[in-house]
Each structure stands twice: as C-alpha cells, then as structure tokens.
Amino acid sequence: MIDFKSVLHKIHYEIGSRNDRGAVATYIPELAKVDITKFGIHLLDKEKNGYSAGDSTTPFSIQSISKVLSLSLALSHIGEKLWERVDVEPSGDPFNHLSLLEQENGIPRNPLINAGAIVVADVLVSVLGNPKEDFLEFIRKIANDHSIHYNEEVAKSEKVTGFRNYAAANLLKSYKNLHNDVEQVLDFYFHQCALEMTCQQLAHTFFLFSNRGHCLRDQKHLSINQVKRINALMLTCGFYDEAGEFAFEVGLPGKSGVGGGIVALLPNHFTVATWSPGLNKKGNSKLGMEVLEKFTTETGLSIF
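Our numbering puts the first residue of the sequence shown at 1, with every later residue one more than the last.
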C-alpha cells in the first residue's frame, strides 16, 4: 500500500525548492500576472480519498486542459461522427501551428491542438442550447462542484490577443469544417479555455477518465470505449510536441495547459493534478512535468 500523502509531500518539498521554474505565459496578458512561486499537487485515489501538497486549493486558468472536457461532451452528443471532422494523430507541432491544417484540407490532426479544439467547439455550439452555460453545467456536474466558473478577464484577454485562433477558425471555415459563425465559436472557445479550477477540482473532474466514464457521483457520462479513446488521445497528443517525452518519462495519459496545470491519471487507480505556472520551452509546466516523472518513478505506478 503506497502512502500517497508522504510521497506527495516529499516530492513537493524537493521540487519546490528549485530555483529554475521556467517562465509564465505572456502571450495572454492575464496569465503573465500569475505568481510564478505558486505550486500545488492533488491526488484522488479510486476510493475517492484525496491527498494534497502546497497550493492545491488555489484556482488557476486551466486553458488547454479544457479541450479534453469539451471533447468528452461532444462525443457524448454526436459519437463517432466527430471523427469525420477531426483526426486522432499526434501533430508533432506546437499547439497553435497552422501549417498541417492547410496541407490536410482543413481536417485538424487531433482534437487537443487548437484547430481541433475549435472544431469541437463548433460542434458544441451546434448541439447545445446555451453553449457556455451548458458546458459549465457539465463541468460542475462531473466535478460535483458548483463553485467552478469562467474567468471573464482571462476570456477577454484571450479574445484581444487570439490572432492565431482567428486565423485557424477562418481557415477551417474556408474548408467548410466550421459550421457556425467564427465569432460565436471563438467566444465559446475562449471561455472554455478560461475555466478556473484548483488542483483538487481538476482531479475531481478527471476522475471520470480513471473510473470508466463514471463521475464522482457514480453517474455514467461516457461509454468505456469513449473513455479508452480519450485516454489514448491524452497519452499520444496531450502535450503537443512533448507528448512522446511525457509518455517516455511519466507513462500516464494526461493533459497540460499554458496556465501551468497538468492533470494525469492511471485508469482504475488514481487521478493527479499539479500546478506551477512557470513553463518550459514546449509550453508545459516545468515543475509539473518533473513532479509527475518523479511520482511514477518513485511509486512504480504507470500504464507500462
């Protein structure tokens, strides 16, 4: 039996003393204001026991981690039809590159890069009556937490600086792979990325993917096949052009965001979230990557 509490505290102490914490994201002005010294970890085991270290209850912008959640809601609505509009291959490119999109006739490589997530956002704008409200309600339901909300200042900041996302959306529109108005889709997408959560809330939300599609309240939201595919996409595409490195070093399905959050899981065992806003050169949390590598090395818990 692994003592998760002592493992997390040991790792938090060792890694938290590092001087090199990377650099906060500055291309979204609101994210540039975040305190780089913040650092938290939370683990939720299969019996729903929680273990924390550091700033695990401080909210932060989850950014691209939200793409897994929008993908889940889209799959629950339209199922396999989604794969007609977005592929499932690793891109090998940074999250906001557009070159492959043109080469591949407007079909994004996977739903976890920006272009793919914008297609997923377009699906949700089509199928949901009130996209922003309905998506937020879905998140609150699977997290069993009605205090989760959007950060409107971050959403506004993303819109003002979202030139590449506008370029991607218009390119998708030119290939007829965006069915709704560009402004409407991007307004939803920017809010989706501006979701605020703590490490604890993130671990609670992603319990769904370690628990065969059942949330904390034991309600079924996804089929086992959908969960299998989402976890596979997290393993192969969850860290952009550092996905291979994460699989090699950590060996868990996971997803990062430029807000400095990372969430990862071992099916039928645990979900773990970490947050440190300083990023490495690939745009992933520098300390967060080290935390998860150290965690799986010390516990021997990975999918391999």
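Worth flagging that the hints you see were computed from the coordinates, not collected in a lab.
Take the hints with a grain of salt, since some may be wrong.
[What the hints assert, rightly or not] Here are the simulated BS3-like cross-link-like pairs (lysine-lysine), alpha carbons at most 30 angstroms apart as the crow flies:
1) Lys176 x Lys141
2) Lys48 x Lys281
3) Lys46 x Lys141
4) Lys159 x Lys38
5) Lys33 x Lys294
6) Lys46 x Lys33
7) Lys48 x Lys173
[Stated by the list, open to error] Beta-carbon label-pair distances, calculated as ranges:
8) Glu89 x Thr57: 14 to 24 angstroms
9) Thr161 x Lys281: 26 to 36 angstroms
10) Lys156 x Ser6: 38 to 48 angstroms
11) Ser147 x Ser126: 36 to 46 angstroms
Ideal Cβ positions, reconstructed from N, Cα and C, are used throughout, including at glycine.
> Quick one: are Glu89 and Thr57 within 14 to 24 angstroms, going by C-beta?
Replying inline: Violated, since Glu89 and Thr57 (Cβ atoms, about 37 angstroms apart) do not stay within the stated range.
> Regarding Ser147 and Ser126, is the given constraint of 36 to 46 angstroms on their beta-carbon distance met?
Replying inline: Check failed, 29 angstroms falls outside 36 to 46 angstroms.
>> Assuming the hint says 38 to 48 angstroms, is it satisfied by the Cβ distance from Lys156 to Ser6 or not?
In response: 42 angstroms Cβ-Cβ, so the 38 to 48 angstroms window holds.
> Measuring from beta carbon to beta carbon, are Thr161 and Lys281 in 26 to 36 angstroms?
Replying inline: 20 angstroms, violated
> Are the Cα positions of Lys46 and Lys33 separated by 30 angstroms at most?
Replying inline: 36 angstroms, violated
>> So if I understand the rule, the pair passes when the alpha-carbon distance is 30 angstroms or less; does Lys46 with Lys141 pass?
In response: 18 angstroms, holds
>> Need the status of pair Lys48, Lys173: alpha-carbon distance at most 30 angstroms?
In response: Since the Cα atoms of Lys48 and Lys173 sit roughly 43 angstroms apart, the hinted pair is violated (cutoff 30 angstroms).
>> For Lys176 and Lys141, compute the direct alpha-carbon distance and say whether it is at most 30 angstroms.
In response: 33 angstroms, violated
> Can the restraint linking Lys159 and Lys38 be considered satisfied, given a maximum Cα separation of 30 angstroms?
Replying inline: 26 angstroms, holds
>> Check the hint pairing Lys48 with Lys281 against an upper bound of 30 angstroms on the C-alpha distance.
In response: Outside the cut-off at roughly 35 angstroms; violated.
>> Checking one constraint from the list: CA of Lys33 to CA of Lys294, max 30 angstroms. Satisfied?
In response: Roughly 28 angstroms between the alpha carbons, so the hint for Lys33 and Lys294 holds.
This entry does not satisfy hints 1, 2, 6, 7, 8, 9 and 11, going by the numbered hints stated previously.
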